[in-house]
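A.B. asks: Residue-level listing of the chains:
Protein chains: 2
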Amino acid sequence: MEKPYVIGIDMGGTNTVFGVVDARGHVIARSSIKTQQYPEINGYIDALHEEMMKIIDSVGGIETIRGIGAGVPDGNYYTGNIEFAPNLPWKGVVPFAQLLTDKFGVPASITNDANAAAMGEMTYGAARGMKNFIMITLGTGVGSGIVIDGKVVYGHDGFAGELGHTTAVRHNGRPCGCGKYGCLEAYASATGVARTAKEIISTTTQDTLLRKLDIDNITSKDVYDAAVEGDKVAIEIFNTTGRYLGEKFADFIAFSAPEAIIMFGGLTKAGDFIMKPVREAMEANVLPHWKGKVKLLFSDLKESDAAVLGASALAWEL
Amino acid sequence: MEKPYVIGIDMGGTNTVFGVVDARGHVIARSSIKTQQYPEINGYIDALHEEMMKIIDSVGGIETIRGIGAGVPDGNYYTGNIEFAPNLPWKGVVPFAQLLTDKFGVPASITNDANAAAMGEMTYGAARGMKNFIMITLGTGVGSGIVIDGKVVYGHDGFAGELGHTTAVRHNGRPCGCGKYGCLEAYASATGVARTAKEIISTTTQDTLLRKLDIDNITSKDVYDAAVEGDKVAIEIFNTTGRYLGEKFADFIAFSAPEAIIMFGGLTKAGDFIMKPVREAMEANVLPHWKGKVKLLFSDLKESDAAVLGASALAWEL
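Here the protein sequences line up with chains A and B, keeping their order.
For the first sequence, counting from 1, position 45 maps to 1244 in the numbering used here; every step adds exactly one.
For the second sequence, counting from 1, position 54 maps to 1253 in the numbering used here; every step adds exactly one.
Any given hint could turn out to be false.
No copy labels: a pair is met if it fits in one copy or bridges any two.
With a Cα cut of at most 20 Å, we get these calculated EDC-like pairs of lysine to aspartate or glutamate [as the list claims (entries may be wrong)]:
(1) 1290 to 1273
(2) 1330 to 1356
(3) 1490 to 1356
(4) 1490 to 1435
(5) 1492 to 1282
(6) 1468 to 1250
(7) 1490 to 1282
(8) 1330 to 1348
(9) 1397 to 1301
(10) 1330 to 1245
(11) 1350 to 1413
Please keep in mind that the hints were generated in silico from the structure rather than gathered at the bench.
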């Protein structure tokens, strides 16, 4: 009998969430462990195995599992290694896919979280049936997964698709966590939106609901709540953020001529407040040939499931 | 017996050059016709057939020909059509690959000239053995051919790889022929270099050999000749041009993580005067992960052969 399930693992710096997924994209069992609790990778693997076998046993045991896919910070699809991940407890190179295979006795494959999100969207989400699209994840950082001809682009060394670190502002750009200046991530990540909010609020005398909040702790949720009330400064913050994104999207289209660009993550909760300026800037900057032709979409996967689903999608390919 | 030859056609707005190519990348016979002389596509096809059969017969006749590849302005690989090419005599959509196949009785495939250049480099040139690289053609315009996993990227509609029309200068950029402002092509094409020369010469009082020339007709060859003499303004013109290119190359690397970026065309004749600033700007702007790792190369195909070779490379895939 065909093995009916795959495992998806979404490893973050704080939590590792995992689940058993069926072919229709339902997460039929799930659990998690704390990533930071295991200073040694072997301790982490043991804990992951113990917790995961509970949910695997609940669906019929390891013989029902086709394979394991994991979305991992700095995960390299080609080598299966985690390579010098600054936000994980384990330094240097960790042969993560091999460790999973050895421990569970099923094939395993890893990639980074944005590529996993792209796989998830293609397998179960808004990109079903698409062969060429770009996934942009808007969270703590700005990640991307690029799909060309039905395959995620990994490039020569496995690290392709770092669109959050292309340049949005060439001169006097903001410092980015990567060490560069002016990266898209410094403007369109959660922190980027907060920085834009702070800049705009402190350089205008305009009345705004946001001025009542602690300026150092404004979130895109706060900005959204104010925008819903018709707050002009809040709307301007989304317009500015959206303009940076849309301008870069026009460049991305010139690269791979995607059918769609799909946005995922916290910022997409702002709905039309962010979609409208992104679309306007994208259409204003794209080559005439593509005007009005490239779809701009939000992910339609449930946010709580998306990362596990995306990782699991890798395992169907094994 | 295996058919030993392919035909490569390089169609430009003025001339159409074509040749018979063997498997080792030698152009063993060549000829040309004037593109502009044929207001009707059928007249053009007839003339092409007549001239081409002479060289085909000189190598053993049509039965020695495996197929025809053509590099064509606005040529679409997927459809085989030339679509709304502003610089060709034939308006609208021309089913060029089909017309070739019907006339010659062998399979034919087309693409645009920059993609053809990438194919040529991969088949016969500096990218032999590479599966991931980006070809940048620096001529009248700035073109690009992107290779991922050993295949040219065409994208959803066949027009991927328009890197000359990504934005080099976001605000107050120069108008570009495409209707946008600030495109890389407006800075790194032949015209772009001339415009930079004009700008720099007219905004400095510094002594320069270039001031003796007609400022409206300075070419990159003139700038090169002056740079060789140690002319500081000429060197600054190449530095400026190289900086725009290198800055954008850093963004391109973040997209597809290529093993190499390969430059082709007139501007590469400036040698180190252009290579050095490109490399410096690329290294200064690329993510730390890729610093010192991506090769920057000039094409090693003879310029007179490259376009025909590139087009012919398409035909080996038929």
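A.B. asks: For each hint, tell me whether it holds in the structure or not.
C.D. replies: Status of the hints after comparison with the structure:
1. With identical chains, the CA atoms of residue 1290 and residue 1273 are at most 20 Å apart within one copy only, with a shortest distance of 12 Å there and 49 Å across copies.
2. For a Cα distance limit of 20 Å, the shortest separation of residue 1330 from residue 1356 across copies, 11 Å, qualifies, whereas the shortest one inside one copy, 22 Å, does not.
3. Taking the shortest Cα distances, residue 1490 and residue 1356 sit within 20 Å of each other only across copies (13 Å), while inside one copy they are farther apart (33 Å).
4. Taking the shortest Cα distances, residue 1490 and residue 1435 never come within 20 Å of each other, neither inside one copy (24 Å) nor across copies (37 Å).
5. For the identical chains of this complex, residue 1492 and residue 1282 are inter-copy neighbours only, at 16 Å across copies versus 38 Å inside a copy, given an alpha-carbon limit of 20 Å.
6. In this assembly of identical chains, the alpha carbons of residue 1468 and residue 1250 never lie at most 20 Å apart, being 32 Å within a copy and 63 Å across copies at closest.
7. Taking the shortest alpha-carbon separations for residue 1490 and residue 1282, only the inter-copy value of 16 Å comes in at or below 20 Å, while the best intra-copy value is 39 Å.
8. In the homo-oligomer, the alpha carbons of residue 1330 and residue 1348 lie at most 20 Å apart both inside one protomer (5 Å) and across protomers (15 Å), since each shortest distance falls under that limit.
9. Proximity of residue 1397 to residue 1301 under the C-alpha cut-off of 20 Å is found in neither arrangement, the shortest distances being 49 Å within a copy and 65 Å between copies.
10. Taking the closest pair of Cα atoms, residue 1330 and residue 1245 never come within 20 Å of each other, the shortest separation being 38 Å inside a single copy and 38 Å across copies.
11. When the C-alpha separation of residue 1350 and residue 1413 is checked against a cutoff of 20 Å, the pair qualifies neither within a copy, at 45 Å, nor between copies, at 52 Å.
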